[in-house]
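2 protein chains.
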Amino acid sequence: MFGFDYSSTTRVVFGRAAEEKAGLLLQEYGAKRVLIHYGGGSCVRSGLLGRVTASLEAAGIAHCELGGVVPNPHLGKVREGIALGTEQQIDFILAIGGGSVIDSSKAIAYGLAEPELDVWELFEGKRPAKAALPVASVLTISAAGSETSNGCVITNEETGEKRAYNDNLGRPVFAIMNPELTMSLPDYQTQSGCTDIMMHTMERYFTQGGNMEVTDGIAESLLRTVMKYAPVLREDPNNYKARAEIMWAGSLSHNDLTGCGNDGGDFACHQLEHELGGMFDVTHGAGLAALWPTWARYVYRDCLPRFTRFAVNVMGVDGGSFASDGSGSAGGSGSADSDEAIALDGIARMEAFFRKIGMPVTIRELGVEPTEEQILEMAASCARASGELLGSAKKLTVEDMAEIYRLAM
Amino acid sequence: MFGFDYSSTTRVVFGRAAEEKAGLLLQEYGAKRVLIHYGGGSCVRSGLLGRVTASLEAAGIAHCELGGVVPNPHLGKVREGIALGTEQQIDFILAIGGGSVIDSSKAIAYGLAEPELDVWELFEGKRPAKAALPVASVLTISAAGSETSNGCVITNEETGEKRAYNDNLGRPVFAIMNPELTMSLPDYQTQSGCTDIMMHTMERYFTQGGNMEVTDGIAESLLRTVMKYAPVLREDPNNYKARAEIMWAGSLSHNDLTGCGNDGGDFACHQLEHELGGMFDVTHGAGLAALWPTWARYVYRDCLPRFTRFAVNVMGVDGGSFASDGSGSAGGSGSADSDEAIALDGIARMEAFFRKIGMPVTIRELGVEPTEEQILEMAASCARASGELLGSAKKLTVEDMAEIYRLAM
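Residue numbers (the working numbering), protein chains in the order written: chain A, 923 to 1331; chain B, 923 to 1331.
Each hint should be verified, as a subset may be incorrect.
Note that identical chains are pooled: a pair holds if it fits in a single copy or bridges any two copies.
[Claimed, not checked] Straight line, CA to CA, 16 Å or less: simulated EDC-like cross-link-like pairs of lysine to aspartate or glutamate:
no.: 1; residue 1: K943; residue 2: D927
no.: 2; residue 1: K1278; residue 2: E1157
no.: 3; residue 1: K1052; residue 2: E950
no.: 4; residue 1: K954; residue 2: E1009
no.: 5; residue 1: K1317; residue 2: D1224
Since the hints were derived computationally from the structure, they do not count as laboratory data.
Predicted model, so just to flag it, every value in this text is computed and none were measured.
Could you put together the complete structure from these sequences and hints?
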């Protein structure tokens, strides 16, 4: 068990019609001139943007708007937001959307708080931010957890690099979550979101030692809940309870709660996917599903107690005499062979689950086919971003990374 | 499922030697003149107070000290703290202790921020606070959860009334948690703390409808974790892992996470115990254990799906064809009889668990014997404090309250 420094300060206002509280909430936090940042036209067409702006107007809050954020959000849009926010003397940013829009809003918030900063330098790791404008969101996709996390991921569309920056300064002040707002999503987006949510917990779960029972119990229960309700939404996308369970699980999976006591997590799949996403612009959650089974089979022997525990407590594999806290050996005979069999069964079941919810489990199924040259380029870029060795379950070299891409094809 | 407005802003700095960071943390939050508030002499004798003051001095932070907080902390000490803090121009309060000291600190923080306020008016519900000085803690007992909660409970020693006041203004800025600091506690205090932790989750669990699967999963896993490690500490009080698991479970059990989506919780046992504690000065957790089995048997029929689910998912009762999410009937035959049997088995197992960890399960075992007159007085006071009807699992009248006290004798 490791010590930890945990805080998750974002206030969550959850429930039906929650977006109508936007104006009063912004007023409560002292906002005077708000930049409303959003993605495509769906939030205009659905009337959501209109309801939110009406709420701001009723509260006497000035605002301007900037749409057009794309998935894997671009640095160019961030720079556009910084220019507009400067011109309009913005003091608060309200994102309407999912992870891409919220991430873009956080990056704009750093840029507006420090006029002398070239915001990409944060993502290059050149220096940390000194300040950020306050950010809040009206969440429309359950996936990235950005609504309560301290992280953001931006793609430099000129270089193809996709980079993350984490800083508590950027953690949103509040998040408005109405599960109904996610009902109109295409199923592929819903299920990619569910995969991303699960992966935020799993990235923190497959680590070397240090795990707390409290944290494991929360992580396992979040995973079981998402795995119960994701298939429900394939059949019944307007199921409020299922939407709500997944929405709240999404926030709790990435606000660091599921990392307390561990070594900071693995996050190899996320890094490997960031390269794929930077090069091919795939849907993030789907990219994670395409990589995870291969990654898991590549690393599980180095992290066997965690994969065995996962198989029994999350995937329902019969663990024989396995103690559910992972303290004992998994097999009835306690042999390493049976532990390996249990772990592999757990991985196979998760792979089957991804298929069941319509996710790809290989890179080709994702619809892209990187060349060997592109694989080497992604691995090299990933190694640069991660400081050579990547992950916790198994420390991956640049050769390991390339091999995982190849095996995942 | 109900909507909710959740925030838990307290930063947690967790691990060995964490108390040595007190000075730097206070500096980070701008503290200049700190009131160090504590209980008995044990934190002086153990050297903890000395380590903390050394850490403040190294960070150049002025401080004064006020000890002598007692369990079921007194309004008189709060007033003493307000007088001292005013005289010393304090800008930050650092509690060293458990719930009593932190609660006393919060009450002082309200009083110092509003010189015109008679602080007891908050507890009488006459008006809410307008401000509070920042509070932080070095936690030495895992129990009350006050280190991350927005609540505090103060006893007016002149009238015998014990009253709670909840307000996000009073939520601590940070909590320093070193599990080692709890190792010297007498077992009775440790186990009373574990009971209090469990009860904070159970009070939010036994409610009428509205529960979310995400919340239930977290609640059940917190309960299982505490029930696993509390007995470990009876045999091995210096077990770091057990101390750490319980300490972190204690904070998460009372920072509202286990209440998201429900109707606000039941809290009848807490209210009934507050009256006992106000009149007889019993240990809070032990008082809860003395009341819970009687309360549970008094109300379970009105809240059967929750008691059945609890029996199966937390107490390990064989639920037959019971769906673990509580969606189905518990018995193989689905009859109400078998649901009742399962629920009662769960209650009996929890009662047995309380006995196993040395807790009283009746009021007499608690060492006090209220007269009928005192019972009526406690019930009347409880009804006044709760606005006549108390609880969610079953709405209790003043007659119900008196009957529960009688049956719990």
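Quick rundown of the hints versus the structure:
Taking the closest pair of Cα atoms, K943 and D927 come within 16 Å of each other only across two copies (11 Å); inside a single copy the shortest separation is 32 Å, beyond that limit. In this homomeric assembly, K1278 and E1157 come within 16 Å of each other (Cα to Cα) only inside a single copy, at 12 Å, whereas the closest approach across copies is 47 Å. Within a single copy, K1052 and E950 get their C-alpha atoms only as close as 24 Å, which misses the 16 Å cut-off; across copies the closest is 14 Å, which meets it. With identical chains, the CA atoms of K954 and E1009 are at most 16 Å apart within one copy only, with a shortest distance of 15 Å there and 38 Å across copies.
Proximity of K1317 to D1224 under the C-alpha cut-off of 16 Å is restricted to the intra-copy arrangement: shortest distance 9 Å within a copy versus 54 Å between copies.
In this structure, none of the earlier numbered hints is contradicted; all agree with it.
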